[in-house]
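Residue numbers (the working numbering), protein chains in the order written: chain A, 1 to 336; chain B, 1 to 232.
Read the hints as simulated data drawn from the structure, not as lab findings.
All C-beta atoms in this analysis are idealised placements derived from N, C-alpha and C, irrespective of residue type, glycine included.
Hints should not be assumed to be uniformly reliable.
[Claimed, not checked] No farther apart than 25 Å at their CA atoms in a straight line, the calculated lysine to aspartate or glutamate pairs in the DMTMM-like style are these:
{"no.": "1", "chain 1": "B", "residue 1": "K73", "chain 2": "A", "residue 2": "E21"}
{"no.": "2", "chain 1": "B", "residue 1": "K68", "chain 2": "A", "residue 2": "E21"}
{"no.": "3", "chain 1": "B", "residue 1": "K76", "chain 2": "A", "residue 2": "E21"}
{"no.": "4", "chain 1": "B", "residue 1": "K164", "chain 2": "A", "residue 2": "E234"}
{"no.": "5", "chain 1": "A", "residue 1": "K148", "chain 2": "B", "residue 2": "E25"}
{"no.": "6", "chain 1": "B", "residue 1": "K68", "chain 2": "A", "residue 2": "E142"}
{"no.": "7", "chain 1": "B", "residue 1": "K165", "chain 2": "A", "residue 2": "E225"}
{"no.": "8", "chain 1": "A", "residue 1": "K327", "chain 2": "B", "residue 2": "E72"}
{"no.": "9", "chain 1": "B", "residue 1": "K164", "chain 2": "A", "residue 2": "E142"}
{"no.": "10", "chain 1": "B", "residue 1": "K76", "chain 2": "A", "residue 2": "E316"}
{"no.": "11", "chain 1": "B", "residue 1": "K68", "chain 2": "A", "residue 2": "D333"}
{"no.": "12", "chain 1": "B", "residue 1": "K37", "chain 2": "A", "residue 2": "E21"}
{"no.": "13", "chain 1": "A", "residue 1": "K153", "chain 2": "B", "residue 2": "D203"}
{"no.": "14", "chain 1": "B", "residue 1": "K164", "chain 2": "A", "residue 2": "E225"}
{"no.": "15", "chain 1": "B", "residue 1": "K73", "chain 2": "A", "residue 2": "E224"}
{"no.": "16", "chain 1": "A", "residue 1": "K327", "chain 2": "B", "residue 2": "E25"}
{"no.": "17", "chain 1": "A", "residue 1": "K209", "chain 2": "B", "residue 2": "E25"}
{"no.": "18", "chain 1": "B", "residue 1": "K68", "chain 2": "B", "residue 2": "E33"}
{"no.": "19", "chain 1": "B", "residue 1": "K73", "chain 2": "A", "residue 2": "D333"}
{"no.": "20", "chain 1": "B", "residue 1": "K68", "chain 2": "A", "residue 2": "E316"}
{"no.": "21", "chain 1": "A", "residue 1": "K320", "chain 2": "B", "residue 2": "E45"}
{"no.": "22", "chain 1": "B", "residue 1": "K164", "chain 2": "A", "residue 2": "D333"}
{"no.": "23", "chain 1": "B", "residue 1": "K26", "chain 2": "A", "residue 2": "E205"}
{"no.": "24", "chain 1": "A", "residue 1": "K320", "chain 2": "B", "residue 2": "E72"}
{"no.": "25", "chain 1": "B", "residue 1": "K80", "chain 2": "A", "residue 2": "E316"}
{"no.": "26", "chain 1": "A", "residue 1": "K124", "chain 2": "B", "residue 2": "E184"}
{"no.": "27", "chain 1": "A", "residue 1": "K124", "chain 2": "B", "residue 2": "D205"}
{"no.": "28", "chain 1": "B", "residue 1": "K165", "chain 2": "A", "residue 2": "E224"}
{"no.": "29", "chain 1": "B", "residue 1": "K165", "chain 2": "A", "residue 2": "E142"}
{"no.": "30", "chain 1": "B", "residue 1": "K73", "chain 2": "A", "residue 2": "E316"}
[Unchecked claim] Some chain A residues close to chain B (C-beta under 10 Å, calculated; not the full set):
{"no.": "31", "residue": "G139"}
{"no.": "32", "residue": "S256"}
{"no.": "33", "residue": "G258"}
{"no.": "34", "residue": "K287"}
Okay, here's what each chain looks like letter by letter:
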Amino acid sequence: MSEIEVLSPGLLTTVQDLGREGFGPMGVSPSGAADPIALRIGNRLVGNTQRAASLEMTLLGGTFQFQSVCFVALTGADFGAALDGAAILNWTSFEAHPGQTLRLGHTRSGARCYLCVHGGIAVKPFLGSASTHLLSGLGGHEGRALRKGDVLKTGSAPSRTATPARSLSSFSPRSSNNPRRAATKTLQLLAPRKVLRVTPGPQSEWFSKAAQKAFYANTYRVTEEANRMGLRLEGPPLFEGVHGDASGKAPGEMISEGVSLGAIQIAASGLPIILFVEQQTTGGYAKIANVISADLPSLGQLRPRDEIHFELVSFEAARKLLTQQEKLLASPDLIV
Amino acid sequence: MTAKKSSGVRFEPASDQSLLIYFGEKITIRAHEQIRKLLHLLEAEPLPGLRNLHPAYCSLLVKFDALKLSHEKLEKQLRKLLVRSEKIKLPEPREVEIPVCYGGEFGPDLAEVAVLCNTTSEQVIKLHSSRSYLVYFLGFVPGFAYLGELSEELVTPRLPTPRKKVPAGSVGIAGNQTGVYPFETPGGWRLLGRTPVSIFRTDRDGLSLLSIGDRVRFVPISQERFAELSSA
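Okay, chain B solo, but in the shape it has when bound (with noise of 0.2 Å):
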């Protein structure tokens, strides 16, 4: 099956049950509301058949029944709503705050990254807390929020080798992304902090704190106040 072009929008299929729609090959912000754009109107109106959507920086996953859809057939009927999708109005972000202590056992790579970006660990702290993040997608693990853009002067690689173990709530940051484990995995992010708010929850509603299309800030808290949030 060869890829088809149209208006910037690239479908590939990526199973026998699943097809990509790339927005373009670069992460752009216009990528990112094409995607939100699409992803509401097939939450809103699912077609018959379709099982599961994986939206990420400039593509869409959507995996669907085989047994009731082919490509081509969902490809036709996401064209169709890609046109539609265009006059979407989406709402205004949502901003989300977020406590994190940096530093110490918290953020073990603090030092290094001050290091690395040739400066101190303070200006890490204040170039990392004073810019407002967008969420791209959620991906890797349940509640885990692809966060961008870094200020250019903390673009660090990721580990060379990656911890086995990262402790939930730690926030780290690799290339130009930022964000926060929400749960105790492996993980290659440098970590500059740890939030005592719980990322994702089964005891509410939203289940994720965050979700596509949010905006969110770090607030440094000090050791006192990570304990009086974690205790509350």
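Isolated chain A (complex conformation) (with noise of 0.2 Å):
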């Protein structure tokens, strides 16, 4: 077990896992990391299992020290990380030494990136997860962001919870001179998208020829009210809208329902919002497509001001996308 301080926390650091599913009837939803992909590969470049809990930070990066020898990496977007003043590469294993101090700045490509520890960050479980809920104040460090002079303890081994067939009993965090990296090729083809792929929504038919037509050929503008429950977007309202429900309620207005995550829906100002990981679990606005899984963690990496695009696809060009993706996280050769 190793401890470490938070100097400073940066704009929002929080611990999250793969997130908690199954509490919907509870209104409770997953959260979770908000780039699943960088979570998972850098867990896997200090040894962990995928889902162990990280730390996520937002647009800007905290200053941690270490308190004993840590095995680290740092993936997703790049904050111009130093350790005692010498750069650190992302998508690279590395080792910290007591005393030694991590820096991160502002970034410089993405929105979020995800400090991974062997053995994790320890935090009481919520539900299964270590995952931080910020609305309901609930799981994580306190159910909240972290916070200067925040002493963040790592679990002594790998929680093995999840897939425990792929044990890392040869894997040694000591070995610093030997550190492991993402392979470049292998990331490239994971990198993040700013033209998300979508299929329908379950009332996109709701919305006329010409409103779908303008929506997939709008640029939309990802505005800074963008953060863990949702994107609003900014652009070219759709206002030949929706017909609304047959109650005769007010355009776009409905009889709430479940909503997934990735839902696009358009709020009454005829523009988009983008439900995210801590997403409210049901919803009243209409839906007129949904990211498709293999693009989620791509809404991660969205920052304020980043132009984006939807193109729709089918669902089972989605379920291809998705079954490539997983094989490439997956892969034997994705660590090098």
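These two chains come separately, so use the hints to put the complex back together.
Quick look at the structure:
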């Protein structure tokens, strides 16, 4: 077990793993890493199971001091990290020694950077997951974003609850002369996208042909209101919006129903909101489309002012893309 | 993919990893009971590859592992369960009483609701606390129960501009629904009062005070009683 002290937390740093599924009937959304691809690769780099808890930093990273030897990897967006002043490459594991300080700055690429450490970040699990759910103040480290002075403990061994078959017993975290790196080629194939592929939403037929056409032709810009609950977009509003439902309610309003991760709902303003990992579990706006599973991690790397497009694919194509992505993530060639 | 209709139940893909089941297009007790019965079966005998369930007024969203299941396969399995679920007898609803201190700083919209409903604050309290409400489902945030139906005399639209912060425990109304905010969150419901009881707590087994299918009654309490219960 090691300890890591938070000297500065950065803009918004939380403990996240792959989230908690199965509590929808209680109104609890899964939460979990905004970019699970980065989290999973980071965990592989330090010899953890893919769902071990790590730190998710947002736009501006924190400064951390290691109290004992830690085996660490940074993945996701490049926050210009340095260990005692020496530059640290993303996607490459390294050893940090007692007293050493890891400092991260402003993002140079996407929105989120993950700090993964051998053994994972140890917190009391809530409903089977370490993930922080910010809105309700549950899970993670005391249910909140990290603050200056917090001391985090790491687990003594990789938590193997999820995939015991993939034992890493031969893995020696102390072999610092032998850093692990994620293969560049595979990383390129898994890189975050700005053209998000979507499948039709449950109310896509409520939108006129012209509105649907506009939705796929428009360029949308991510606004400042982009967080773990959802991403509000700006662009040309879909005026020819929604017919409304049979009950004759105002356009866009409908009987609340369960909403899925990555659902693109069109609010009364005619502008899209993409529901994200800490989403409300039910909602009453019409959904024109839904981001495919393979592209959900890309949402976690979108920053305010990023420009994005939507591309319609079939459910069959979406499943194929997810299968391909899972193959890449499970591949032994991913780590070199 | 086209939606299929049979026996009033309609399936619609919501995403590449979720399927919506609609039990009609209206809020009815029958739809609610059908949802609970299916939910009951799915919780007792989870289907392989099933990941999450989101019940609502007249629909159930089923999230699945897209690597193991397709919409078609899942729909087939669910149709079989639907037939079986018709025979399930739902347990008698649990009755839950929630103490509420109405008005003042706890219910900043009480007076306005009275004006909108052309009545007095006292009458609003009486109407709100004199009937039992059904928990249609929990959604929005952890533990938030959608309760209905409100007395027709109290039906009022949401606030034109939602509050950025609604204190935890606030009791609000919107349309013909009422509910209690479990956490401090943004919200557009009109606030009538506040309960000192925690709605969602991690230090007890049930976590959420309310579950789908429960019956809820609001009991008016004084500020003194509110303070007593808060410190208890």
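Which numbered hints turn out to be false for this structure?
5, 6, 15, 16, 18, 19, 21 and 22
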